[in-house]
Amino acid sequence: MSVELDNELLNVFLIEARELLESLGEQLVDLESTPGDVELLNAVFRAFHTVKGGAGFLGLNPMVELCHRAEDLLNEARNGAIVLDAGFMDALLESLDLLNDMMRAADGGVPIEAAPRSLLDRLLIPGRAATAAPVALAAPVAVAASAPARAHDPIEDEFEAMLDAARSDRAPTPAPSGTISDDEFEALLDSLYGTAAPGSEPVGGVPPAAAAPAPATDPNAISDDEFEALLDSLHGTAAPGTTPIAAPEPVAPAAAVAPTATPVAPAPASSTDDTSPKPKAATEKRGAQTADTTVRVDTHRLDGLVDAAGELVLVRNRLSNLAPRGTNDPMERAIGELERVAEDLQNAVLRMRMQPVGKLFSRFPRIVRDLARQLGKEIELVTEGEDTDIDRTVVEALADPLVHLLRNAVDHGIEMPDARAREGKPRAGTVRLAAGQFGDRIVITVTDDGKGMDPEVLRRKAVEKGLMDEEQAARLDERECYEIVFRPGFSTASQVSDISGRGVGMDVVKTKIVELGGTLSIDSRVGHGSTVRLSVPLTLAILRVLMVRVGDRLLSLPMSNVAEVFELVPGQIQELDGRIVAAHRQRALPLADLGRWAGAAGKGGHVVVVQIGHQTLGCLVDEVLGREDVMAKPLGPFLKDVPGVAGATITGDGRIALVLDLAGLADDGGQVLPSLRMAV
Amino acid sequence: MKILVVDDFSTMRRIVRNLLVELGFTNTLIQEAEDGNAALAMLRSQSFDLVVTDWNMPNMTGIELLRAIRADAALKALPVLMVTAENNRDQIIAAAQSGVNGYVVKPFTAVTLKEKLDKIFERLAAAAG
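For the record, the sequence lines run as chains G and Y.
Under numbering that gives the first Met the number 0, the first sequence has 554 at position 555, and the numbering climbs by one with no breaks.
Under numbering that gives the first Met the number 0, the second sequence has 108 at position 109, and the numbering climbs by one with no breaks.
So here's chain G without its partners, still in its complex pose (with noise of 0.2 Å):
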């Protein structure tokens, strides 16, 4: 082929089509749930042939065969002689993953193998034969097939003629060759134009074919030698757009003469997609159709303007803690100015690294999709929010908590489908995803409309466990229950499954969550179903955080974690079982000593309440300054693993303030580290 294997054509190929394959997961699974979806198969349609373009430019022959195999089994249900049953959408499904295997191979530099049989074999129409793919890049590929194998169809028999009563004016023929040459193209434009272009003055004044459209010329097969021997015929004496240019008698011979015939129906508007208009609805749902306005941008070098801008802040608010304050100086005043520019370059910068949760939402139906196959069960996934903004880390730090909760509604939380209707509710189940903007952060919940989970069962297994004892078992509230499941080595399956895994799922979605900065709820009805609300802040370049003193230190401490602030009063501060704790809200809340772990001696007149891990701590600390919102810098290589040290940050009187990792602060279990317990 002409075309070389140009890897920058390459690249630019398999970004665009993965984008394509992407949507398409999706797409296919809300297929079949609504097969009757015209714009929708359109669409799906759509996407694998125009991967299949594509990859025949390249040269990638096994993406050709095995979209064009797609395509025609999609193209058979746009005709609506097949449904797109379960079996069809599996083998579909399987062909996407194989042409993002394939993609992945290719962009590795390995060589594609080709589609297995089997499965090219169950994207066929049992007892039809296939259409030949594309591949070769010489003289265009007749459409081979056997005709007998469309002429025992009786559907397809009634179908065509139904087709031939509708187009009566015109003769019956026998098998069709739907493609035509080159010479007969000609020949048709001279047919049709004389010797004129198309869209030009007509010779001698006759109105060209465009105007006035010529009648329907016939489709069927006819050799390109009787196709030009006819034009000849014609020639000269055919006005364009008074003679119809097809005479039956060629017709006969031809269909000796050329054998090959489609399986496909013949008529027009069924023989191939490209006649049919591609609805809006089905672009804007692919979304990626604004080329020619976006620009891709390596994600490391918007990491770097992120941080320049955010460098350019921490200047600013240097200046403007030097700057003389209501002498309306012209200083102050170019200060002020610098103060709202680099404000809303930051905005603009953030914006640009968000995006929308529905890319990561669009990944689910399948998921849930295949899972419910597996188990046999009958859900929905509804989505809901997809155009809410997220910033780009917390987009692909969300994917497997996510998928983990997603696998643990319908594997623990929708009952099967039988049990449902005992229950007296519908069948299938429903499981909920939403996403929405509060503020400064992104909630989403996770929602089934399942058995739900009961609290005596969450504390009798709690103590089964050895996670606590009975008393402490039952001192929980409910809501403390569900938090049960984030504990790590508990899981409500009485039976280890393959699919939500061993036990170990919830507590590392917990973990995952609070990393970015989210908190986690459950909330459950027995019989009803559960819900679990996830909370994680918009963006983690910029972090709010609560700036304290300890001594001589100015610690930042991450607002997600920051429960309240109060100041100590006498006798507030008490011990119990060993422990410092404060009387606080008519609970024992106990005490870490922020100073002796960050190496500062402090007083200690207040307390900020903190979470970490599990457990609720109240931390000393000499004087609440207020809040902020800072940009974390990392620490040098030698510091950079300490544990609960996020970085650091500049504050706007030049001093370096020590960001808190409050998650880092505790073990894997939860605990918090031993050197901020405090002892008696």
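Keep in mind that the hints were calculated from the coordinates and are not lab data.
On a predicted model such as this, the values are computed, not experimentally measured, just so you know.
Glycine included, C-beta positions come from ideal geometry on N, C-alpha and C.
Residues from chain G that face chain Y, not an exhaustive set, calculated with beta carbons under 8 Å:
no., residue
1, GLU15
2, GLY55
3, PHE56
4, THR178
5, ILE179
Use these hints to put chain Y onto chain G, whose structure you have.
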């Protein structure tokens, strides 16, 4: 010379562009549009000498674009080369009737593209003469 390449798949636009460059259309301004609507807007605001359009596009397909071009007094003589995925007779006849100047089936080589373009320009020359 100015050519407008219309395809919703940017990879394909790039392929066509590369092939045109390979054919020596170096002194040519090649512009791109992602569907018929965008193409039509560009055709009406600038002047082009040739349109190479995909058939299967969202919003406005290639054949709809072709019909719009032929129906527009200012554009109707503009040569249009249609790119299709299938060498499908019905489609091509329909395109011819709608006034297409040529068609080329994917995937194609620079040589094929050249043949198609030559035929178009021959016919145009004949019409002019």
